[in-house]
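K.L.:
Got chain F sorted already, so can you dock chain W onto it with the hints?
Number of protein chains: 2
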Amino acid sequence: MLNPEVLVQLHHIVGDQGLRTDVLSLQTYGRDWTKIYEPAPSAIALPKSTEQVQAIIQLANQAGFKIVPSGGRTGLSGGAVAAQGEVVVSLERMRHILDFNVQDRSLTCEAGVITAQIQQFAAEQNLFYPVDFAAAGSSQIGGNIATNAGGIKVIRYGLTRQQVLGLEVVTGQGELLKLNHGLVKNATGYDLRHLFIGSEGTLGIITQASLQLIRAPDNLTVLVLGVPAFAALMQVLLRFQANLDLTAFEFFSAEALHYVVQDQGLAKPFATPAPYYALLEFENDSAGREQAALQAFQDGLAQNIVLDGVMSQSQTQAKALWRLRELISETISVYTPYKNDLSVRVSQVAEFLQAVDQLVAERYAAFEVIWYGHIGDGNLHLNILKPATMEKADFFEHCAAVNEQVFALTQSLKGSISAEHGVGLLKRDYLAYSRSPEEIAYMRAMKALFDPNQVLNPGKLLS
Amino acid sequence: MLNPEVLVQLHHIVGDQGLRTDVLSLQTYGRDWTKIYEPAPSAIALPKSTEQVQAIIQLANQAGFKIVPSGGRTGLSGGAVAAQGEVVVSLERMRHILDFNVQDRSLTCEAGVITAQIQQFAAEQNLFYPVDFAAAGSSQIGGNIATNAGGIKVIRYGLTRQQVLGLEVVTGQGELLKLNHGLVKNATGYDLRHLFIGSEGTLGIITQASLQLIRAPDNLTVLVLGVPAFAALMQVLLRFQANLDLTAFEFFSAEALHYVVQDQGLAKPFATPAPYYALLEFENDSAGREQAALQAFQDGLAQNIVLDGVMSQSQTQAKALWRLRELISETISVYTPYKNDLSVRVSQVAEFLQAVDQLVAERYAAFEVIWYGHIGDGNLHLNILKPATMEKADFFEHCAAVNEQVFALTQSLKGSISAEHGVGLLKRDYLAYSRSPEEIAYMRAMKALFDPNQVLNPGKLLS
Chain F
1 MLNPEVLVQL HHIVGDQGLR TDVLSLQTYG RDWTKIYEPA PSAIALPKST
51 EQVQAIIQLA NQAGFKIVPS GGRTGLSGGA VAAQGEVVVS LERMRHILDF
101 NVQDRSLTCE AGVITAQIQQ FAAEQNLFYP VDFAAAGSSQ IGGNIATNAG
151 GIKVIRYGLT RQQVLGLEVV TGQGELLKLN HGLVKNATGY DLRHLFIGSE
201 GTLGIITQAS LQLIRAPDNL TVLVLGVPAF AALMQVLLRF QANLDLTAFE
251 FFSAEALHYV VQDQGLAKPF ATPAPYYALL EFENDSAGRE QAALQAFQDG
301 LAQNIVLDGV MSQSQTQAKA LWRLRELISE TISVYTPYKN DLSVRVSQVA
351 EFLQAVDQLV AERYAAFEVI WYGHIGDGNL HLNILKPATM EKADFFEHCA
401 AVNEQVFALT QSLKGSISAE HGVGLLKRDY LAYSRSPEEI AYMRAMKALF
451 DPNQVLNPGK LLS
Chain W
1 MLNPEVLVQL HHIVGDQGLR TDVLSLQTYG RDWTKIYEPA PSAIALPKST
51 EQVQAIIQLA NQAGFKIVPS GGRTGLSGGA VAAQGEVVVS LERMRHILDF
101 NVQDRSLTCE AGVITAQIQQ FAAEQNLFYP VDFAAAGSSQ IGGNIATNAG
151 GIKVIRYGLT RQQVLGLEVV TGQGELLKLN HGLVKNATGY DLRHLFIGSE
201 GTLGIITQAS LQLIRAPDNL TVLVLGVPAF AALMQVLLRF QANLDLTAFE
251 FFSAEALHYV VQDQGLAKPF ATPAPYYALL EFENDSAGRE QAALQAFQDG
301 LAQNIVLDGV MSQSQTQAKA LWRLRELISE TISVYTPYKN DLSVRVSQVA
351 EFLQAVDQLV AERYAAFEVI WYGHIGDGNL HLNILKPATM EKADFFEHCA
401 AVNEQVFALT QSLKGSISAE HGVGLLKRDY LAYSRSPEEI AYMRAMKALF
451 DPNQVLNPGK LLS
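Chains F and W supply the protein sequences, listed in that same order.
In terms of the UniProt record's numbering, the first sequence opens at residue 1 and continues consecutively.
In terms of the UniProt record's numbering, the second sequence opens at residue 1 and continues consecutively.
Because the hints were derived from the structure by calculation, they are not lab data.
Note that the Cβ used here is the ideal one computed from N, Cα and C, for glycine as well.
Please note that a few of the clues may not be correct.
What the hints assert, rightly or not - Calculated from the model, a selection of chain W residues having no Cβ within reach of chain F, i.e. all distances over 12 Å: (1) His11; (2) Thr28; (3) Ser77; (4) Val360; (5) Leu461.
Claimed, not checked - No more than 27 Å apart at the CA atoms, straight line, and that leaves these computed lysine-lysine pairs for DSS-like: (6) F:Lys392 <-> F:Lys35; (7) F:Lys66 <-> F:Lys178; (8) F:Lys48 <-> W:Lys268; (9) W:Lys414 <-> F:Lys178; (10) F:Lys48 <-> F:Lys178; (11) F:Lys414 <-> W:Lys339; (12) W:Lys339 <-> W:Lys386; (13) W:Lys35 <-> W:Lys392; (14) F:Lys339 <-> F:Lys386; (15) F:Lys339 <-> F:Lys35; (16) W:Lys268 <-> W:Lys339; (17) W:Lys178 <-> F:Lys414.
Said to hold, decoys possible - Some chain W residues flagged as far from chain F (calculated, every beta-carbon gap over 12 Å): (18) Leu19; (19) Ser25; (20) Gln27; (21) Pro39; (22) Phe270; (23) Gly288; (24) Ala320; (25) Gln358; (26) Lys386; (27) Asp394; (28) Asn403; (29) Val423; (30) Gly424; (31) Tyr442.
Excised from the complex, chain F in its bound form:
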């Protein structure tokens, strides 16, 4: 536990409103959406400024306590879990949008701003913040950057990395770095900004960010297609991409659809049954585009790579179709899914899906498997549902055993064992499936440089 003197010093930095040690707060701030770790932080600090963040980190270096940086805690790999008496440093009181510039189309904000607020703010300026995913309503931009959040529009707009024009970071040794100052072009040496993006709070705490906003897309139109096989899914992607800049290309299995239809009372997109579904989105901003989409659809039917389909005729319909995909994660969460977040190159997806499906069918014969994901960028979410009668611990143990085989398969295709969920605690011991010993050694050396006393997020990402 924390030395009481240290608590007094922390209180001195953040004040009454900035320090919590009550049981409910410790429980709440000590966990993220991963849920399998028991929270046990010593205290929760809620700084109001970069200076306070800096003072806390400097104090941690002097006093020897550990820090878990905390955003919206929507992570799925335990990156924000505090289970070892750490001080959680929550950025939630640093939630101001500080600046917007219409000529730069850029926004500068504190790290605690909620992702959806940034999307909303951009929309109010007739602009667009393109990073979007299920947790956008509660995740914070600092966490998005620290995990290089991806989501459903990556195929068109890239990951969070692509939007970050500038970063303010306090390193593990308490220095303040202001990186890149919102510039588009800056060829003055190593771009440290990109080292902090995706570093999961292990090198520094992000306190501010400048983000690039872009032109708002026009008349986004959604198609949902029934597809007969994995391989056909990829042919559909290729066919549509030839003439359209897709803004999304998602997929889900008939089983996934079954759950959202049954549990959420949604209508099926069409009556024809299909083992897999693709959800495509594009900017329908000219007659030519709609024509190209319809032609690709007709071609798909003719080639038997599409079984049936529907295209949204209004924004309301587009939203309704999106719900078929977006509600999957929430819907199946009550069935205690064991989640895997894998990626391979797009060209390997069909082969990979088939191989994993076979492996899972053999090893999880008794379990239900739900597939969905951002297939247009090679990212697959594999969810194994816990049988109602099985103990949680038994279930997870069983899943973990199969995991290694799934990861070995991923490795054989040079894929990623964590496409967008990060490493945190959950994937830490599997890191070598996606990174070489030399890379991991360099990562350790970086950690030692920026956080020599191992103050920040100890045990996360690297053991």
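P.N.:
Frame of chain F; chain W shown alone:
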């Protein structure tokens, strides 16, 4: 000079065709387009494989010689200059495109492939490699990545960084790293790939890269507009961007136009004189887009932010208009320009241009100043022409003195003293105008990690 025994060992690695020590080769491979440094390498090694690159770097670590990695040597900051008896390692014999995958829309190639070849290869697949700039015909992809090359399409497609899906690198201590394996999504720890991008050959030698290709743009259409003032240029940008995704927004001054018209025999875009010109490009892929461009033009005329203009009606006309901008650098090169490559945020460009212009008018009263650049991303090229009667040395000395004031002004706006030309030798001693002491200290620590014996590109970027 190189120990003769070491030369024998080098010869053993690269063979007869891979080693040159003749005077012409030493002169040729020892310099880049910067021209102000006297080349003096010891030898030129031309490896044929990653294994040979690795063997050379390992030998350098053992034998103690220094290496200058060498691409197309089109750099303008002396990054590829070998003036201290180094061994130049040229990648020009590693020029194979190794793989193309139509589903991934990605290409894997050796680092010595010429940029224009990649553009050409992409075009043959009906795809597009969007990084383009004056030196595309001789620069190599390895050098592009090592300097994070920018150019004329950054406003729409980003810098080289954005296209790099994977990298193979040999570090300064001779390890082989294979980074990211061509994946779109990979959240497994620190992304070392981004550290090597823009590191100017000081951390490792890039031997292979996987690049993302994209949909080829459709019917690119060019407008050249006459504009009455700096401030109006930025208003024009804002007006056009509101309804169009511009693929380029360039500018040049009347003086720049004067030179290309006079020396290259090009026609003026229109008779109306203007102090500044904007060149805009967009995908004219529907009647609505052309209408939006014409409406913005009309609005510009009505608001007096546009004086006159012309829009290409064919690809031939589009190319002809581009030549007005593209030939500036080559045209003025005979007047021995002193080049500056500066960037600020787009919103600061008007203020910055005005301030630099005033400074230059005061301090370079006798000199002619040529402005042009990629103004849509905040990047300005400031060129001071040498008076015919002045000695080169006197001229450069005078320019360097004014430099510091230009850089101080850049710093005051948190801009970059090298937007896309890199640091190399030329900007090395000015790095602190754009990077903080803490950042520079971390950069030195990175250098020590990846290249502990300071074998790679010594004296470049960091002193």
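K.L.:
Each hint: holds or not?
P.N.:
Hints, verified against the model:
{"no.": "1", "hint": "His11", "in the structure": "29 Å, holds"}
{"no.": "2", "hint": "Thr28", "in the structure": "25 Å, holds"}
{"no.": "3", "hint": "Ser77", "in the structure": "9 Å, violated"}
{"no.": "4", "hint": "Val360", "in the structure": "21 Å, holds"}
{"no.": "5", "hint": "Leu461", "in the structure": "6 Å, violated"}
{"no.": "6", "hint": "F:Lys392 <-> F:Lys35", "in the structure": "12 Å, holds"}
{"no.": "7", "hint": "F:Lys66 <-> F:Lys178", "in the structure": "24 Å, holds"}
{"no.": "8", "hint": "F:Lys48 <-> W:Lys268", "in the structure": "58 Å, violated"}
{"no.": "9", "hint": "W:Lys414 <-> F:Lys178", "in the structure": "10 Å, holds"}
{"no.": "10", "hint": "F:Lys48 <-> F:Lys178", "in the structure": "18 Å, holds"}
{"no.": "11", "hint": "F:Lys414 <-> W:Lys339", "in the structure": "44 Å, violated"}
{"no.": "12", "hint": "W:Lys339 <-> W:Lys386", "in the structure": "11 Å, holds"}
{"no.": "13", "hint": "W:Lys35 <-> W:Lys392", "in the structure": "12 Å, holds"}
{"no.": "14", "hint": "F:Lys339 <-> F:Lys386", "in the structure": "11 Å, holds"}
{"no.": "15", "hint": "F:Lys339 <-> F:Lys35", "in the structure": "12 Å, holds"}
{"no.": "16", "hint": "W:Lys268 <-> W:Lys339", "in the structure": "25 Å, holds"}
{"no.": "17", "hint": "W:Lys178 <-> F:Lys414", "in the structure": "10 Å, holds"}
{"no.": "18", "hint": "Leu19", "in the structure": "29 Å, holds"}
{"no.": "19", "hint": "Ser25", "in the structure": "29 Å, holds"}
{"no.": "20", "hint": "Gln27", "in the structure": "27 Å, holds"}
{"no.": "21", "hint": "Pro39", "in the structure": "23 Å, holds"}
{"no.": "22", "hint": "Phe270", "in the structure": "27 Å, holds"}
{"no.": "23", "hint": "Gly288", "in the structure": "6 Å, violated"}
{"no.": "24", "hint": "Ala320", "in the structure": "27 Å, holds"}
{"no.": "25", "hint": "Gln358", "in the structure": "21 Å, holds"}
{"no.": "26", "hint": "Lys386", "in the structure": "25 Å, holds"}
{"no.": "27", "hint": "Asp394", "in the structure": "28 Å, holds"}
{"no.": "28", "hint": "Asn403", "in the structure": "15 Å, holds"}
{"no.": "29", "hint": "Val423", "in the structure": "6 Å, violated"}
{"no.": "30", "hint": "Gly424", "in the structure": "10 Å, violated"}
{"no.": "31", "hint": "Tyr442", "in the structure": "6 Å, violated"}
In terms of the numbered hints stated before, the structure departs from hints 3, 5, 8, 11, 23, 29, 30 and 31, listed from lowest to highest.
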